[in-house]
Amino acid sequence: MATPVNIVWLRRDLRLHDNAALFQALQEGNPVVPVFIFDRNILDELDDKSDKRVQFIHQALQEIQQQLMTLGSTLDVRYGKPESIWPALLKEYAVKNVYANHDYEPYAKNRDEKIKKLLAASGRGFHTYKDQVIFEKSEVVKEDGKPYTVFTPYSKKWKSLLRAGHTAAFPTEQYFSRFFKQDALPLPSLGSMGFQETDTRFPDKEWKKEVVLHYQQQRDFPAVRGTSRLSVHLRFGTISIRELARETIKLSESFLNELIWRDFYHMILWHFPHVVHNSFKPAYDKIQWRNNEKEFAAWCAGKTGYPIVDAGMRELNQTGFMHNRVRMIVASFLTKHLLIDWRWGEAYFAKKLLDFDLAANNGGWQWAAGSGCDAAPYFRVFNPYLQTEKFDPDLQYIRQWVPEFEELTYPQPIVDHVVARKRCLEVYARALKD
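The numbers in this note's numbering rise by one with no breaks, and the one at position 337 of the sequence shown is 337.
I should point out that these hints are in silico values taken from the structure, not numbers from a laboratory. The model shown is predicted, which means the values in this text are computed figures rather than measured ones. Hints may be right or wrong, so weigh each one.
As the list claims (entries may be wrong) - The list that follows gives simulated cross-link-like pairs (lysine-lysine, DSS-like), each with its CA atoms no further than 25 Å apart: (1) K52 x K81; (2) K130 x K81; (3) K109 x K130; (4) K351 x K294; (5) K250 x K208; (6) K157 x K130; (7) K116 x K91; (8) K351 x K81; (9) K137 x K109; (10) K181 x K157; (11) K156 x K142; (12) K146 x K117.
What the hints assert, rightly or not - Derived Cβ-Cβ restraints for the label pairs, each shown as a range: (13) E136 x E28: 19 to 25 Å; (14) F379 x R163: 36 to 42 Å; (15) P282 x T319: 33 to 39 Å.
Just so it is clear, CB atoms sit at the ideal spot from N, CA and C, and this is done for glycine as well.
Please put together the full structure from these sequences, using the hints given.
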């Protein structure tokens, strides 16, 4: 008779240490089989077959596999659609229960509901846990129980509620002997899934104490390595948000606030799912966007004639990364200078960003366009020249990514800043006058 097992379904939590769902599965007593599904519902939507994120996931799974092999176990990695993979898994293993961590995105919520029903039909439980944020859903709300829509009071409440238990690690290592013992199973290759390997070097998941200590002073300067570069690891869960919060909380209030922003945007997505397709503030959906395709293509390619904008876009296109200050500048430029719908920019970032996270990306774009909760006011139009003077005064960042910016071959500005600002204010005012 087959050995009864529990399955832990890894998704956005690609690590064995301090993993809430894994801890619960190991605690329960039955041997645990770790499973990962390369989801064709997601992968088939990716145009770029050398998408760096798929490679990042593949490398993270290889690391987990090495750990499990030393324990006499294996990761069971499948490629297909979850609704087809799960019936196969239930035939191959004597599954008692399935454990996973919460995923808050609309597709994931819908997927999990389907799998929960599929498992329930055969009497199996589907147990999910909070893991990718410190506070989720309605854990930080106003006194009347309604969700916050402004960051500052949310962050104050967040900090007032924080206790040591919220950042305590789940000691999974104590129960590693309970992994299901079987020979190592091969991982599907990138090629077998239609993807190509690239020579991308991913950011280290070991964070540097001095970066966190000096985060407030250095975070806005793109030429300085003043940011942690941990966002991709938080996105795919190769590091624990609890560990990061616990270790950095005493070092930098400014860094902690970035982690709180992350929770805030996940909370907004949960309570206001309409933001995925529409403005948080409905009035902003009345804006008459110009949506000039030629200008959008120039923005995407980093050929706008504004060096700081072009540097950011070229960095994104080549590396999958863009400095946060520069993200704000390029997003403001697209929505305010070019009057192109924030959804176009959001979709482009979704394709290119290594650390793409729906909640944070959507929140950032709606902030820049003025349409989001707690957004920049519509009349705040970033001046790319002043932003350069402030945050790249030696032009170090620009020279790295736009070396030809002082040459005659460099394009003229796609639009005059003063003209664009005036046009933007008129268009926004017209849409919002009601």
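Which earlier hints turn out false for this structure, listed by number in ascending order?
Violated hints: 10 and 12; rest satisfied.
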